[in-house]
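> Following the hints, complete the assembly by docking chain B onto the known chain A.
Chains A and B, in that order, give the protein sequences. All residue numbers for the first sequence refer to the working numbering, where the first residue is 1 and numbers rise by one. All residue numbers for the second sequence refer to the working numbering, where the first residue is 1001 and numbers rise by one.
Under 7 Å between C-beta atoms, here's a sample of chain A residues computed to sit facing chain B:
| # | residue |
| --- | --- |
| 1 | A52 |
| 2 | L55 |
| 3 | L56 |
| 4 | E59 |
| 5 | V88 |
| 6 | A92 |
| 7 | V97 |
| 8 | I99 |
| 9 | A103 |
| 10 | V109 |
Hint data in this document are derived by calculation from the structure and do not stem from the laboratory. Fair warning: this is a prediction, and the values are worked out from it, not measured in the lab. A virtual CB, placed ideally from N, CA and C, is assigned to each residue, including glycine.
Here are the chains, one letter per residue:
Protein chains: 2
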Amino acid sequence: MTLYAPRPPARVLGVDPGLTKCGLGVVDGVPGRPPRLVAVGVVRTAADDDIAARLLAIEQEIDSWLSEHRPDTVAVERVFSQHNVRTVMGTAQAGAVAIICAARRGLPVALHTPSEVKAAVTGNGRADKDQVTTMVMRLLRMPERPRPADAADALALAICHLWRTAHPAVAARQHSMSGGGT
Amino acid sequence: MTLYAPRPPARVLGVDPGLTKCGLGVVDGVPGRPPRLVAVGVVRTAADDDIAARLLAIEQEIDSWLSEHRPDTVAVERVFSQHNVRTVMGTAQAGAVAIICAARRGLPVALHTPSEVKAAVTGNGRADKDQVTTMVMRLLRMPERPRPADAADALALAICHLWRTAHPAVAARQHSMSGGGT
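Pulled out of the complex, with its shape left as it was, chain A reads as follows:
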């Protein structure tokens, strides 16, 4: 009989959505311990393939990651506004596929803005990509830089989600500082 079972690790799949490169990263979090890298990768689809084939390829890959790694939650980047509408479209489409893959399995989906992710991982909501990658490497004790940057961003999203869930008060403070809305 286990009276004092430790809180089980929470496993998060982070998705940095994109049509050309969709970053995927799985991280385990145990309270009081550094997050642990489980898997990292990227789904690439060819720009000259039609949109249906691209979204289907992304769906199949995310589905296979969900089957293999069985995360408890899927964290997806929430995009508010970007200058390039075409990029926003691709991000929204790939993000919708990730959300629907998770929802179909009954997994909770969490959305975090880029500034929330940066603030969680580096302490600065306006950190650059390089700084985020460096912190992700340190936090997960990775010997090499995850490439491409989308893979590092997916890991940062997963870490952000673990920390915001573990420390809601800190997260709320960061949220209000980073000017995030709904």
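Relative to the frame of chain A, chain B by itself:
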């Protein structure tokens, strides 16, 4: 033995994607005859539901329309640019769900821009919503205006697809006139 079998009717599901209202319209096209209305409707999701629940509801409804009406092709509105990024996001997300539902069943997906649809149905790529609805009613001999406008737009998309497929030369001319790109 049938030597001169007539070309079978083509059935198209048109999808006017949106999170709050996603228009769906099924139209049959037989060469040399007016298009025929099969079904029209709209999927509504509540703005205060989370995005995962909304996309899942849209997926389930589109899947059920595909099972019931068995279209040969799914035509989805292609969005290039709009001023409101939030609207673009919702359109892109709901559109991605429609595309993935079709692709998963191996159905071809066709994308048409709003100006292509307007040009096909009214002859004017800059026609207003009211004009599009009026022409859809006439073409499909509907006794009442389809409501909401998203439902009429979905029917217009399906008609546009039937006509552009039947008359590729005309479609190409309209396409170049409407300034459509990839």
